[in-house]
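When we follow this note's numbering, the leftmost residue of the sequence shown carries the number 304, and every step to the right adds one.
In short, the hints are calculated from the structure, not lab data.
Just to be clear, a hint being listed does not mean it is correct.
Restraint ranges, calculated between C-beta atoms of paired labels, are given here [stated by the list, open to error]: (1) HIS429 to LEU463: 30 to 38 Å; (2) ILE315 to ARG460: 48 to 56 Å; (3) THR383 to SER410: 17 to 25 Å; (4) PRO400 to ALA443: 37 to 45 Å; (5) HIS469 to ALA440: 24 to 32 Å; (6) LEU408 to THR383: 34 to 42 Å; (7) ALA440 to ASP380: 15 to 23 Å; (8) GLN340 to ALA440: 46 to 54 Å; (9) ARG347 to GLN310: 14 to 22 Å; (10) PRO377 to GLU346: 34 to 42 Å.
Lysine-lysine pairs mimicking BS3-like chemistry, simulated, CA-CA at most 25 Å apart [said to hold, decoys possible]: (11) LYS388 to LYS361; (12) LYS388 to LYS372; (13) LYS388 to LYS360; (14) LYS361 to LYS372; (15) LYS360 to LYS372.
Each residue gets a CB set at the ideal place from its N, CA and C atoms; glycine is no exception.
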Amino acid sequence: MSVFIQQLPALIGVVIGALGSYVVVVRGDQARFRREQAARWEERRLAVYADYAQSVKKTVTVTYRVAAKLGNDPHPDPLTLEEAKPLLADATTRRDPSGEALIMLGSPEVVDKARAWVVTAMEMEHFVRASRQDAEAWQALLERQRAGREGYYTAVRDDLGLPPGHSARWSLPAADPVPPQR
Numbered sequence: 304m305s306v307f308i309q310q311l312p313a314l315i316g317v318v319i320g321a322l323g324s325y326v327v328v329v330r331g332d333q334a335r336f337r338r339e340q341a342a343r344w345e346e347r348r349l350a351v352y353a354d355y356a357q358s359v360k361k362t363v364t365v366t367y368r369v370a371a372k373l374g375n376d377p378h379p380d381p382l383t384l385e386e387a388k389p390l391l392a393d394a395t396t397r398r399d400p401s402g403e404a405l406i407m408l409g410s411p412e413v414v415d416k417a418r419a420w421v422v423t424a425m426e427m428e429h430f431v432r433a434s435r436q437d438a439e440a441w442q443a444l445l446e447r448q449r450a451g452r453e454g455y456y457t458a459v460r461d462d463l464g465l466p467p468g469h470s471a472r473w474s475l476p477a478a479d480p481v482p483p484q485r
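Hey, can you work out the whole structure from these sequences and the hints?
Printed below as a string of structure tokens:
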């Protein structure tokens, strides 16, 4: 038998081992690439979700302040409607592009919950722009807004695979009565 034929099984083993190593490395690189790509998209979605939430919350906060000036809300920093108009316009201007990013990158459930939340925020804005003085109606809007925000955050956590979070509903201590003057 020739030397070549005697060494052929070893040579075939080396070739098979090299091919096996190559396949393992390529598949490992592909899996790592997919994981890194998924992590990048997840980070981007989280940023879009947070940006949208902040833009809606800006509208909500300004409406709280105007409602306080109208006597509907106990917010400690009331604001007149005239002072609030530029802030509301800025909030809307900021919310529109973040809403587009949300539609592009968000899951359908998150987008649906975001829409429910923002519709309530827009109703709150309409309420204060109409200078309504109705504390009960305002309180109902607040409850809908809080439920909308909670639903949005729950959908975001589900989409990102995060554990359940805090509902952000906590009761505030009653205001201390003013001590008598001596």
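Here is how each hint holds up against the structure:
Between HIS429 and LEU463, the C-beta spacing of about 32 Å keeps the proposed range 30 to 38 Å intact. Range check, ILE315 to ARG460: about 54 Å between beta-carbon atoms, so the 48 to 56 Å window is met. For the pair THR383 and SER410, the beta carbons lie near 40 Å from each other, so the given range of 17 to 25 Å is not met. About 30 Å separates the C-beta atoms of PRO400 and ALA443, a value inconsistent with the hinted range of 37 to 45 Å.
As the Cβ distance of HIS469 to ALA440 is approximately 28 Å, the hint placing it in 24 to 32 Å holds. For LEU408 and THR383, the hinted distance range of 34 to 42 Å is satisfied, since their beta carbons lie about 37 Å from each other. A hinted range of 15 to 23 Å for the beta carbons of ALA440 and ASP380 is consistent with their spacing of about 22 Å. Hint check: GLN340 to ALA440, Cβ distance near 48 Å, so the stated range 46 to 54 Å holds.
At about 55 Å, the CB distance of ARG347 to GLN310 disagrees with the hint of 14 to 22 Å. With their beta carbons about 38 Å apart, PRO377 and GLU346 fall inside the hinted range of 34 to 42 Å. Restraint check for LYS388 and LYS361: satisfied, since their Cα atoms lie roughly 13 Å apart, inside the 25 Å limit. Between LYS388 and LYS372 the alpha-carbon distance is near 14 Å, which keeps this suggested pair within the 25 Å criterion.
Distance check on the hinted pair: LYS388 and LYS360 sit about 16 Å apart at the alpha-carbon level, within 25 Å; holds. Restraint check for LYS361 and LYS372: satisfied, since their Cα atoms lie roughly 17 Å apart, inside the 25 Å limit. The straight-line distance between the Cα atoms of LYS360 and LYS372 is roughly 19 Å, inside the 25 Å bound, and the hint therefore holds.
In summary, the structure is inconsistent with hints 3, 4 and 9 from the numbered list given earlier, while agreeing with the others.
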